Amino acid sequence: MNWLDYLDPMLQGAWITVQLTAYSTVFGALLAFAAGTGRLSRHWPIKAIAVAYIEIFRGTSLLVQMFWLFYALPLIGQALGFDARLPPMVAGVIALSANIGAYGAEVVRGAIQAVPRPQYEAALALNFTPRQTLWRITLPQALPEMMPAFGNLAIQNLKDTALVSLITIADLALVTERIRNLTQDSATVYTLALLMYFGMALVLAALMKLLAARVGGWRAR
Amino acid sequence: MHDDNPRRALRAAVALLLGVLLIAPAGAASLDEIRQRGTVRVAVANEIPYGFLDFSGNAKGVGPEVAAAVLKRMGLERIDWIATGFSSLIPGLKADRFDLVAAEMAILPQRCREVDFSSPNSSYGEGLLVAAGNPKGIRGYADFAEREDLTVAIMAGADQLEMLQALGVPQQRMVMIDANADAIAAVSSGRADAYAATGLTVADLADKGRRVEAAPEFEDPVINGEPVRSWGAFAFNADADDFRAAFDAALAEFKQTDEWRAILERYGFSDADLDASFARSTEELCAAE
Numbered sequence: 006m007n008w009l010d011y012l013d014p015m016l017q018g019a020w021i022t023v024q025l026t027a028y029s030t031v032f033g034a035l036l037a038f039a040a041g042t043g044r045l046s047r048h049w050p051i052k053a054i055a056v057a058y059i060e061i062f063r064g065t066s067l068l069v070q071m072f073w074l075f076y077a078l079p080l081i082g083q084a085l086g087f088d089a090r091l092p093p094m095v096a097g098v099i100a101l102s103a104n105i106g107a108y109g110a111e112v113v114r115g116a117i118q119a120v121p122r123p124q125y126e127a128a129l130a131l132n133f134t135p136r137q138t139l140w141r142i143t144l145p146q147a148l149p150e151m152m153p154a155f156g157n158l159a160i161q162n163l164k165d166t167a168l169v170s171l172i173t174i175a176d177l178a179l180v181t182e183r184i185r186n187l188t189q190d191s192a193t194v195y196t197l198a199l200l201m202y203f204g205m206a207l208v209l210a211a212l213m214k215l216l217a218a219r220v221g222g223w224r225a226r
Numbered sequence: 057m058h059d060d061n062p063r064r065a066l067r068a069a070v071a072l073l074l075g076v077l078l079i080a081p082a083g084a085a086s087l088d089e090i091r092q093r094g095t096v097r098v099a100v101a102n103e104i105p106y107g108f109l110d111f112s113g114n115a116k117g118v119g120p121e122v123a124a125a126v127l128k129r130m131g132l133e134r135i136d137w138i139a140t141g142f143s144s145l146i147p148g149l150k151a152d153r154f155d156l157v158a159a160e161m162a163i164l165p166q167r168c169r170e171v172d173f174s175s176p177n178s179s180y181g182e183g184l185l186v187a188a189g190n191p192k193g194i195r196g197y198a199d200f201a202e203r204e205d206l207t208v209a210i211m212a213g214a215d216q217l218e219m220l221q222a223l224g225v226p227q228q229r230m231v232m233i234d235a236n237a238d239a240i241a242a243v244s245s246g247r248a249d250a251y252a253a254t255g256l257t258v259a260d261l262a263d264k265g266r267r268v269e270a271a272p273e274f275e276d277p278v279i280n281g282e283p284v285r286s287w288g289a290f291a292f293n294a295d296a297d298d299f300r301a302a303f304d305a306a307l308a309e310f311k312q313t314d315e316w317r318a319i320l321e322r323y324g325f326s327d328a329d330l331d332a333s334f335a336r337s338t339e340e341l342c343a344a345e
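Residue numbers (the working numbering), protein chains in the order written: chain C, 6 to 226; chain R, 57 to 345.
Worth flagging that the hints you see were computed from the coordinates, not collected in a lab. For clarity, every value in this text was computed on a predicted model and none was experimentally measured. Ideal placement from N, C-alpha and C gives every residue a C-beta, glycine not left out. Among these hints, one or two may not hold up.
If you anchor each label on the Cβ, the simulated ranges turn out as follows [unchecked claim]:
| id | chain 1 | residue 1 | chain 2 | residue 2 | range |
| --- | --- | --- | --- | --- | --- |
| 1 | R | 93 | C | 125 | 54 to 60 Å |
| 2 | C | 193 | R | 272 | 28 to 34 Å |
| 3 | C | 157 | R | 285 | 29 to 35 Å |
Chain C on its own, in the form it takes in the complex (with noise of 0.2 Å):
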């Protein structure tokens, strides 16, 4: 037994968190426009709902969250008769993307404040209705200002996910206990599933670094 035996199973592991991670990036990032956007809304009903997710899910623990939708949710289920029960795979995106949504609000809150006010006004004698500023002004200059976070974000996500194998999900922080809780080859195991998780934080990186340049690219022109 040598660490190449190891590989196999721990790139399986590695897949399940690359999935992970992109389902619960995605979705974050939609929760972070929906609630970074309502919390400016002039709407109050919008802007309370927006206000308390946020602070709700920045608050608390993630890793409890994770075991209040897997272990918590069925009893309440059961109590009120329905079935709670989701699976796995569903609890550990839902509590991920909804974390790392609540962080991101504030960057696309804070990006869109950025941008300079007679920006707003200039659309505004030009007669753009409110969904053409959105597009046209303020989006194009606040996005490439939240890309650095949100390639933090991204990574931090990554991260997280390990807390997942405290939920049955077989990612690579499980498959690594598993091996270890085998052999007691921790140096060994411990220092593949750091690299494993740097190649993979190195990879994401250069994806949002790809996206950035993408949605700035007007400024360069």
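Dock chain R against the given chain C, drawing on the hints supplied.
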């Protein structure tokens, strides 16, 4: 893109989510439902030799191998093995995440109030993992009650906690570890002076770690005038009565075979352990004080 699209997509997503929530009825799966599904969800806690997953994700150990044989006799051959922390086993059963726990969990009265147990599958005694050479001369669980300079590690959710409490070991001399696999590191690094676990777990860990050993002159802890012995069994959701009854009947048959003896002996259980597994009933153990 047409303006209605996001709204329609949102509506579809909400409908889908509600659909997921509402499809199946609540509570534990009945035997019929399990048969219909064709797959049994069995949880293990990664503790060698009681139940663990090997490299390829196949479940090994006394619990899983007996469970697989018994389920096969019931005509259920497809098993979905789920590995989780020991302290998540009972919550997972209650939330209907698994149909069955095959971790040779000891039958204890406080656990009987939460979940239902099959009849005992195995019986085992206690052990103690110490640093190689046993520099502190630890001989048993009672030492931690008497000597202030010692600390003992236990796994979160394991019944050694109750044993140590019964012997009067104060909380600050106990170190909680998350998983069995942390024990060697905890003891060899000196974070704890010993790891309290079952005899077979300790034997396996002592075998794997070079800087640890099983306490050489270990004395079984005596609680209420009797040396401690545990009876490991399969655990079920408290509502899964027909599945448990069918499993119990098949288990009783299987325990009469040489195949059953071979599985337990392969993992280090002695003849005395095998005989002892018939000595108590689940009702007796659940009613014990």
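Can you list which hints this structure breaks, lowest number first? Result: hint 3 breaks, nothing else.
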